[in-house]
Each structure stands twice: as C-alpha cells, then as structure tokens.
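K.L.:
Listed in order, the protein sequences are those of chains A and B. Under my numbering, the first residue of the first sequence carries the number 11, and numbering increases by one thereafter. Under my numbering, the first residue of the second sequence carries the number 11, and numbering increases by one thereafter.
It is worth saying that the hints were derived from the structure and are not from the lab. Take the hints with a grain of salt, since some may be wrong.
Put simply, identical chains are the same to the list, so a pair is met inside one copy or across any two.
[As the list claims (entries may be wrong)] BS3-like, lysine-lysine: derived pairs with alpha carbons at most 27 Å apart: (1) Lys56 x Lys171; (2) Lys161 x Lys137; (3) Lys160 x Lys119; (4) Lys56 x Lys160; (5) Lys119 x Lys226; (6) Lys56 x Lys136; (7) Lys137 x Lys51; (8) Lys161 x Lys51; (9) Lys137 x Lys56; (10) Lys171 x Lys119; (11) Lys160 x Lys51; (12) Lys136 x Lys51; (13) Lys171 x Lys161; (14) Lys161 x Lys119; (15) Lys226 x Lys160.
On a predicted model such as this, the values are computed, not experimentally measured, just so you know.
Given next are the chains, with one letter for each unit.
There are 2 protein chains.
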Amino acid sequence: MLFRAKNMEKKVSASVVNRLPRYYRYLTDLLASGVERISSKELSEKMQVTASQIRQDLNCFGGFGQQGYGYNVSSLQAEIGQILGLNQGYTAILVGAGNMGRTFATNTKFEARGFQLIGVFDSDAKKVGTALAGHTIQDYATIQDFIAEKKPKMAILTVPKDAMHNVAEELIGYGIRAFLNFSYTELSAAENIAVENVHLSDSLMRLSYKLLEQDKTTEEEE
Amino acid sequence: MLFRAKNMEKKVSASVVNRLPRYYRYLTDLLASGVERISSKELSEKMQVTASQIRQDLNCFGGFGQQGYGYNVSSLQAEIGQILGLNQGYTAILVGAGNMGRTFATNTKFEARGFQLIGVFDSDAKKVGTALAGHTIQDYATIQDFIAEKKPKMAILTVPKDAMHNVAEELIGYGIRAFLNFSYTELSAAENIAVENVHLSDSLMRLSYKLLEQDKTTEEEE
Chain A
11 MLFRAKNMEK KVSASVVNRL PRYYRYLTDL LASGVERISS KELSEKMQVT
61 ASQIRQDLNC FGGFGQQGYG YNVSSLQAEI GQILGLNQGY TAILVGAGNM
111 GRTFATNTKF EARGFQLIGV FDSDAKKVGT ALAGHTIQDY ATIQDFIAEK
161 KPKMAILTVP KDAMHNVAEE LIGYGIRAFL NFSYTELSAA ENIAVENVHL
211 SDSLMRLSYK LLEQDKTTEE EE
Chain B
11 MLFRAKNMEK KVSASVVNRL PRYYRYLTDL LASGVERISS KELSEKMQVT
61 ASQIRQDLNC FGGFGQQGYG YNVSSLQAEI GQILGLNQGY TAILVGAGNM
111 GRTFATNTKF EARGFQLIGV FDSDAKKVGT ALAGHTIQDY ATIQDFIAEK
161 KPKMAILTVP KDAMHNVAEE LIGYGIRAFL NFSYTELSAA ENIAVENVHL
211 SDSLMRLSYK LLEQDKTTEE EE
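For reference, chain A alone in the conformation it holds in the complex:
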C-alpha cells in the first residue's frame, strides 16, 4: 500500500486520525462541486481551521500540496480514503432496531463511508420480519449462524444501555472484533477488539462550554 511505504517510520497521531473524516467529507463535497485544486488557505477558510494546521495534518502522510499550487482534490481525497481504509469493503451488521438504530441505518451512506451493511437484527418479535433501510430485520436469536456464515467485520450496537455489555460479549464470542457503539455507555477496547464509542450528549456539553465562552465575551464587551 502506497501510504505505508511513505509512513513506515511515522505513526499518525490519534488527533490527526480523528480529524481525517472531516477532511474526507470536505474533499468529497469539493469534488462533487467540480473543484480540482484547492490551496491550504482556501481549505482553511472553508473548514475554519488554520492553514498551518491543515499543512501539518496532511504532511503526516507525506504531503500532497505543492507550494503556490495547492492540493489536487481528487488525489488527496483518494489518499485519505485509503488511509482510512474506506476502500476495504468492510462488512457490518446493525444490532438493535430502536430509534437510534433506525436513525443510523436510514441516514447513513454506508458505502461512501467504507462499509457494506449486510444485516439488521433485533430481539423484538414485533420488529423481526419488518423492513429497515432496505433490509429485513432478522431475529437476534439467529445472529450466531449469520456471523458464522457471513463473517461481518464489525457490529453497530444500537441496543439499550443495560443490554450493551451482554450483547457485546456474546458477539465477541461469535467472532466479532470491532464495534461502533451508540448505546449511551462505553465499551472498553480490549486486545484485538476495535471500539468506537459515540456519545451524542458529549456534543451537548461542548456546546454548553461554547455558550459560556460566548456569555463571557459578551460580558467583557458590555
């Protein structure tokens, strides 16, 4: 793989990796609107981060920009996609067809984000057999066979908070090694288990901080 050769000796920091999806989204939008080249200054204005931050982040991967010439949007987007593994065709199942599961399954462009959703499961007999985002919801009781046969790479957990740890443990037993967890309680990463926990309410607290900063500025101005 191209980027590994460039980066053999350099580990990309977690905070850069955290920012990559946002670069990827912006570059994808630029591509869709026909932009072929962009300077770090323009990209910086669009994304509201400093141009030097952008240059620093993108230099982690060998640097794609040329002084005074800007970035080639298409190459940079492709390269970031490759770094993120979006070209790997990873398969995913979704467990829990409640509010969060429905929302995520319905609104997410899985394929553009590197994944193929291959199954949706719930334990509620009223939901099993009904449709969700082009899938027929399957009975959670049959998930072990499904995993044995289809070997999905990861599971999206949109089960109730109290059920999450049990479900995760079962799925690990069945061979799942990666989780995207929306269940309002954290799943700890363990050896060989990749975890991404999403806490929607963290964004609420971050906004509270911004509001407080806003109030302080207003007070100082008054």
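Here the structure of chain A is known, so what remains is to put chain B in place on it, guided by the hints.
P.N.:
Using the frame of chain A, we list chain B on its own:
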C-alpha cells in the same frame, strides 16, 4: 467564578475541552457508584488514556489532585461541570421531529447535560400536536413568537440536510445564537454564533481506520 480566577492567563486548549465531557461522564458514574477518591492511575485504567494525559488535562484547571492521595471525585466532577457551564440552566429547543430528533429527544438526559428542553418544533402537520419526550410538538410556523417570548439559548437542528441552512438562517434572524447541528451537513460558526456539528458517519470512518490497523497487526503477526 472560581476557575476563572485560576485560569485568567491560561486559555484551555480545544482538545482538552473536547475531552472534558468524557471526564465528566466518568466522574458522574464513579460518584453514582459511591467512589469518593480516585488516583490518576485508576482513572487512567478505567478511561484507557495515560495517567500523564489525565494529570496534564486536569492541571489546566489548577489541578485537583494531591500526590499520593488522588482526586476528590465529587469536587472534580463539580468543577468540570462548572467549567463546561452545566450549572447555567441554558434552555434549548429542538427543531425537526424526524428519526434523529425523536432519538435525541428521547434518549438524552438534558438536565444532567446542562440544558432544559423547552420546546419541540416540526413543520409536518401530521406531527404537530403529537407528543415527543414529554413535549407536544409545536408548529414550526409559530417558532418566531415562541423564541421572542421564551428566549431559548440554543437550537438543536435535526432537520433534513437540504433544509438546514435555511432553518438556521431564520432562527439566527429570530435571535438564536447557538446550534447543535445533526443535519448531516456542516453549519459554519460565525461571529457570535456558537456551533457544534455532529457527524455520526465520522465515527464509522474512524472505526474503518481502526479495522485497517487491526488487519495490519494481524498480518504482521502471521
């Protein structure tokens, strides 16, 4: 305010602020399970970050730990809550009672996260008048009067992607100065407007990266 006196000369970095909600959640859970003191080592094991990262982060606020004695969980939780502004009683409205709006309104403990949800709006006549999370959904056509009267501090945008920019512009015109945006397209922060954009699919891309790292490790071991 106590922490401002301590921090008058020191601006807390964005990445520390981004991590504060997670500290707050962990400390709240510890408090709920009756833990009064915790060392940075124990907290580090629980949170899977290094003890030195924890010490560094918490030192930004003057430091609450004593060498060999650990952190007082209750004071630290209260102080982080204060730094985040969770004690300010900010008011919020939610605009858009679709899948995402229902999920967020139903699953979020607003008051524990510093906010009071005071109104839910949608423009769909079929939804107006129905109940959501203890609120009666109000007609979006009446939102200007509501804002003029109740002066909510911020709006949660769970409207369709295509509608987001128009809705945000209208609400800014009506006096809203802060947005939590779930609308799958970014709202740019402007002067005096606080914005927190949430992109659920970014977590999918981050997990893809982790899967790729996992694959590489397995390959190297084989």
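K.L.:
Checking an output row: Lys171 and Lys161, CA cutoff 27 Å. Within, between, both or neither?
P.N.:
within (25 Å within a copy, 34 Å between copies)
K.L.:
If the cut is 27 Å between Cα atoms, do Lys171 and Lys119 qualify within a copy, between copies, both or neither?
P.N.:
Close inside one copy (25 Å) and across copies (13 Å); limit 27 Å.
K.L.:
Is it within, between, both, or neither for Lys161 and Lys119, if the alpha carbons may be no more than 27 Å apart?
P.N.:
within (21 Å within a copy, 36 Å between copies)
K.L.:
With identical chains treated as interchangeable, where does the CA-CA distance between Lys161 and Lys137 reach 27 Å or less: within a copy, between copies, both, or neither?
P.N.:
Within one copy, since 23 Å is at most 27 Å while 41 Å is not.
K.L.:
Check Lys226 against Lys160 for me: Cα-Cα at most 27 Å, and say if that holds within a copy, between copies, both or neither.
P.N.:
between (55 Å within a copy, 21 Å between copies)
K.L.:
When Cα atoms must be at most 27 Å apart, do Lys56 and Lys136 count as within-copy, between-copy, both, or neither?
P.N.:
neither (46 Å within a copy, 38 Å between copies)
K.L.:
Have a look at Lys56 and Lys171 and pick one of within, between, both or neither, based on CA distance no larger than 27 Å.
P.N.:
between (37 Å within a copy, 18 Å between copies)
K.L.:
With identical chains treated as interchangeable, where does the CA-CA distance between Lys161 and Lys51 reach 27 Å or less: within a copy, between copies, both, or neither?
P.N.:
neither (44 Å within a copy, 37 Å between copies)
K.L.:
How do Lys137 and Lys51 come out at 27 Å by Cα distance, when the copy is not named: within, between, both, or neither?
P.N.:
Neither: 50 Å inside a copy, 44 Å across copies.
K.L.:
Checking Lys56 and Lys160: alpha-carbon separation at most 27 Å within a copy, between copies, both or neither?
P.N.:
Classified as neither: same-chain Cα gap 41 Å, cross-chain 34 Å, threshold 27 Å.
K.L.:
Is it within, between, both or neither when you check Lys119 against Lys226 at 27 Å Cα-Cα?
P.N.:
between (39 Å within a copy, 26 Å between copies)
K.L.:
For Lys160 and Lys119, with the copy left unspecified, which applies at a CA distance of at most 27 Å: within, between, both, or neither?
P.N.:
within (21 Å within a copy, 37 Å between copies)
Figure legend: structure checked against the earlier numbered hints; hints not met, in rising order: 4, 6, 7, 8, 9, 11 and 12.
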